[in-house]
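Which chain is which? The protein sequence lines are A and B, in order. Numbering-wise, the first sequence is residues 63 to 320 according to this note's numbering. Numbering-wise, the second sequence is residues 441 to 812 according to this note's numbering.
By construction, these hints were calculated from the structure, which means they are not laboratory data. Some hints could be false.
Residues from chain B shown here face chain A by an in silico Cβ test under 10 Å; the list is partial [as the list claims (entries may be wrong)]: (1) F763; (2) S767; (3) C784.
C-beta atoms are modelled at their ideal positions from N, C-alpha and C, and glycine is treated no differently.
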Amino acid sequence: MMETTMLKIENLHARVAGKEILKGLSLEVKAGEVHAIMGPNGAGKSTLGNVLAGRDGYEVTQGSVSYDGKNLLELPPEARAAAGVFLAFQYPVEIPGVNNTYFLRTALNAQRKARGEAELDSMQFLKRVREKLAVLHLKDELLHRAVNEGFSGGEKKRNEIFQMALLEPTLAILDETDSGLDIDALKMVADGVNAMRSSERAFLVITHYQRLLDYIVPDVVHVLADGRIVESGDASLAQKLEDHGYAWIAERKLAGAA
Amino acid sequence: MSAALIEEFGRGDAREREESWRYSKTALRALSQQDFVAADTDAELPETLRAQFDWMQTRGRRVVLVNGAVSERYSDFADVGAMVTVGETGGTYAVRIDGGIDGPVHVVYVSVPSAQPSRWRASTSMVVVNGSARMIEQHLGVDGAGVLGSVRRRIDLGEGARLELVSVCDLPESASLYRLLDVHLGAKATLRATHVLLGGRLQRLDMQVELAGEQARLESRGVFALRGRAHVDTHLDVRHVARDTACDILWRGVADQRARGIFHGAITVAAGADGSDAKLSNKNLLLSAQAEIDTQPVLEIHADEVKAAHGATVGQLDERALFYLRSRGIPLAEARRMMVTAFCREVLDGVADPDLRERLAQRMHAALPVEE
Ligand SMILES: Nc1ncnc2c1ncn2[C@@H]1O[C@H](COP(=O)(O)OP(=O)(O)OP(=O)(O)O)[C@@H](O)[C@H]1O
Ligand SMILES: [Mg+2]
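Using the sequences and the hints given, assemble the complete structure.
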């Protein structure tokens with residue numbers, strides 16, 4: 063059986079604030095797969111997420127990104143979202159004065175409209191919200207507040223996954239969603255992700271910890287260092303990194319080169 | 441001619457007038473280079489304009505001034521009740537309220553252009569002897585040749601009286617308006633004023649409030665949301681004269697394209713006004729590189745045991761928040777509109793009547809600058 067390639071990144075170079083951060087990154091993700099991306103602080107993991115989501119100021123100088131056969135880089139962020147790309151932010155943004163429910167409904171309906179689907183009325187929308195809230199054990203009360211405002215660190219992260227559940231993207235990029243979560247919340251987040259795994263959907267899971275990958279078992283693990291993928295392997299690679307640290311990769315590279 | 445307009449619209453001596461018009465001098469000069477004829481006070485109001493003020497809730501309690509003169513034809517004061525007396529004395533149209541009334545009094549000022557640039561002047565007064573009252577003030581205009589209107593208004597609140605004033609000024613780019621609002625608050629009187637300023641070639645609001653009686657209180661909320669070449673200049677001047685008086689001023693400003701906004705908020709706590717409490721918050725948002733906003737908070741304290749806090753900022757939309765909204769599928773223009781609406785929300789929170797609040801929110805939402 064041949065699975066279809068969903069995301070194909072080739073020789074991607076990107077600059078932020080005049081500095082080259084991604085230096086020839088290549089990566090291929092097929093529908094149905096979960097890829098974990100690990101790597102030292104400052105390696106460019108969040109930069110990759112931001113480039114894929116279309117953030118201003120992240121300038122691609124070389125290379126290409128195709129998603130479902132389309133050139134992803136020429137789409138504005140909202141069009142990428144409508145096409146199924148979702149980024150769970152490493153640092154979710156607080157937006158005072160914008161009600162969370164209103165925000166979610168506007169987002170969902172904007173995506174549906176862009177795809178030519180019927181918009182949901184408030185009854186249909188609320189029904190869907192309730193279903194998804196239950197999975198993540200989020201308090202109703204958070205919906206009545208402003209977007210992320212005054213949310214605890216863990217609540218913000220769970221809110222990202224709740225949004226993902228609601229928006230049902232086809233490519234979800236989770237940027238350190240596990241950081242700052244307590245053990246129970248980590249399980250809830252993992253359950254939320256696992257419930258969504260399907261043959262049509264792919265995940266890029268950026269994390270520093272093996273623990274998340276015990277719950278969300280990845281098909282492929284990559285090491286991103288200095289703007290490039292320097293090592294890829296199966297789920298056991300994460301355990302090796304946990305045991306030996308990133309220096310181990312560098313040493314192996316040196317040994318290989320010699 | 442320019443000097444003449446400054447003289448007419450300025451207060452204080454020549455230097456003070458210059459100073460208070462420093463950001464709008466050019467705009468005023470441009471205005472005064474026209475030859476104005478007297479505006480037509482019998483002008484016909486188009487149906488679309490009438491629909492903008494003919495609200496169900498204020499039927500029977502509405503005064504309409506067409507180019508500064510009370511219009512018998514469009515006013516409807518049938519239902520106003522015994523507590524309210526209205527009448528004209530010496531060219532000033534006066535509303536006097538003695539005792540609480542239920543519905544709001546609705547005062548509508550309409551600027552209708554002539555073939556050439558035209559001018560009108562109005563003078564009104566509102567006295568609430570006691571009880572509590574609500575007033576909605578609305579300024580509207582028809583696009584066309586320039587119209588310059590000026591309104592001098594006096595509000596007097598007697599001891600313990602309370603007035604909620606909601607004022608919306610929604611002008612086409614051809615209309616200009618100068619407003620002087622002179623407020624006098626007696627002991628324990630409260631004025632809660634909410635101003636929404638949208639558009640206009642040159643709009644100037646001078647609001648002078650004297651907290652003359654002990655425990656008098658002013659709550660001033662306001663917002664300007666400007667686009668195109670709109671120019672709005674707001675001057676608030678609050679004087680604490682008596683002991684234990686309070687003011688709470690919260691204004692927001694948004695300017696897009698080539699619009700220009702000015703907020704000047706001065707609070708003076710006079711000697712003897714001990715125990716007063718003065719609060720001023722002014723935040724502004726610039727949506728384009730060509731737009732400009734100036735804010736000037738001024739606090740002068742000559743009394744003892746005074747609590748005072750003030751802050752003023754001019755900033756831009758938070759790019760991170762904008763990206764967050766877009767990354768969830770919300771188109772740029774809508775994302776900007778959401779954030780600007782949120783920025784202005786606090787101002788409308790002060791309007792007690794939910795229907796009116798919703799009406800204002802919708803009007804503002806539609807008028808909000810969201811250029812890409
Ligand atoms: N807006 C920016 N301005 C300047 N430098 C930036 C900006 N964004 C990222 N960088 C720099 O780019 C490099 C990569 O950052 P990035 O956030 O992608 O790292 P990361 O791999 O996600 O790290 P972490 O594990 O700490 O989250 C860092 O050196 C960072 O300082
Ligand atoms: Mg990061």
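Tested hints:
{"no.": "1", "hint": "F763", "verdict": "holds, 5 Å"}
{"no.": "2", "hint": "S767", "verdict": "holds, 5 Å"}
{"no.": "3", "hint": "C784", "verdict": "holds, 9 Å"}
Every hint from the earlier list agrees with this structure, and none is contradicted.
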